[in-house]
Amino acid sequence: MYTPVTAAQDDPVYAPFDINRSAHVWVQSSETAGQAERTLIGVVGELRPAVVKHFKLPDYTAAASLRLDVMEQIWRDTVVHYQPMSRYPTTARDISIQTSTEVTYDELMQAVSSAMTRASETYPDVTIRDLTPLSIYKATPDASHQTTTFRLTLSSSKATLSAERVRSIIRTVFAPEQHVLFQGVDFGE
Numbered sequence: 014m015y016t017p018v019t020a021a022q023d024d025p026v027y028a029p030f031d032i033n034r035s036a037h038v039w040v041q042s043s044e045t046a047g048q049a050e051r052t053l054i055g056v057v058g059e060l061r062p063a064v065v066k067h068f069k070l071p072d073y074t075a076a077a078s079l080r081l082d083v084m085e086q087i088w089r090d091t092v093v094h095y096q097p098m099s100r101y102p103t104t105a106r107d108i109s110i111q112t113s114t115e116v117t118y119d120e121l122m123q124a125v126s127s128a129m130t131r132a133s134e135t136y137p138d139v140t141i142r143d144l145t146p147l148s149i150y151k152a153t154p155d156a157s158h159q160t161t162t163f164r165l166t167l168s169s170s171k172a173t174l175s176a177e178r179v180r181s182i183i184r185t186v187f188a189p190e191q192h193v194l195f196q197g198v199d200f201g202e
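Numbering (the working numbering) for the sequence shown: 14 to 202.
Careful, some of the hints might be misleading.
Derived pair list, reagent style DMTMM-like, types lysine to aspartate or glutamate, alpha-carbon separation capped at 25 Å [unchecked claim]: (1) K171 / E190; (2) K171 / D138; (3) K151 / E115; (4) K171 / E134; (5) K171 / E115; (6) K66 / D31; (7) K66 / D23; (8) K66 / E120; (9) K151 / E177; (10) K69 / D82; (11) K151 / D119; (12) K69 / D31; (13) K151 / D107.
Calculated directly from the structure, the hints in this document are not laboratory data.
Based on the sequences and whatever the hints tell you, model everything.
The following block contains the structure:
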C-alpha cells in the first residue's frame, strides 16, 4: 500500500526525492481491535533534478529507500504455508452448479471455497490446485435459474488419482447435503 508524501520531511531519507512525485510505502502488519495496523517500510519516487544531475543519471530517474530491518522482521513473522508440488500428475474435472439467479456469484464462490476446505480436511493427501470459473449460463435472459461451471484441478501427494477416486471425492465434497446451493450439481459424467 502507498500514500503520497504530502509535505517536506526532516528525515534525511527524503532528501534525494522530489516530494511531489514520491510516496510512502506501507505494509499491513496486523489487526488490533478491528483496525488494520500499517508499518512504514520506506519511500519510493522520482529523484530531485539536482540529485539526477550530480550523479549523472538519466532524466526522470526513480529510486526507493526501504527499511530492510522492518521488511526482514515482517518476513520472519509471516507464516508460509508451503506445499511442494506433487510428483504425480494432476487431473481436471468440470462441475456445473445450477442455482437461482438470485444467488450471487460471491455466495456461490463462498460455498465452493468451503467445499474445497472440507476436501482438504477429508482427503489430506489430495489438493485442489486450481479452481477456474468457466461459464455462467442462462437459457434465456429472464430465466429464473443459471448454471455456473467450474474446472477443478486435483492432485495427490501419494499416488496417481484414478477416475473412480476423483469421482468419489467430488461427489462427497459437493454432495447436496453439504450445502443448500449444491442441490443442482452436475458432475459432468
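Here is what the structure says about each hint:
no., hint, in the structure
1, K171 / E190, "29 Å, violated"
2, K171 / D138, "6 Å, holds"
3, K151 / E115, "12 Å, holds"
4, K171 / E134, "16 Å, holds"
5, K171 / E115, "41 Å, violated"
6, K66 / D31, "13 Å, holds"
7, K66 / D23, "23 Å, holds"
8, K66 / E120, "56 Å, violated"
9, K151 / E177, "31 Å, violated"
10, K69 / D82, "30 Å, violated"
11, K151 / D119, "17 Å, holds"
12, K69 / D31, "17 Å, holds"
13, K151 / D107, "18 Å, holds"
Comparing the model with each numbered hint stated earlier shows that hints 1, 5, 8, 9 and 10 do not hold.
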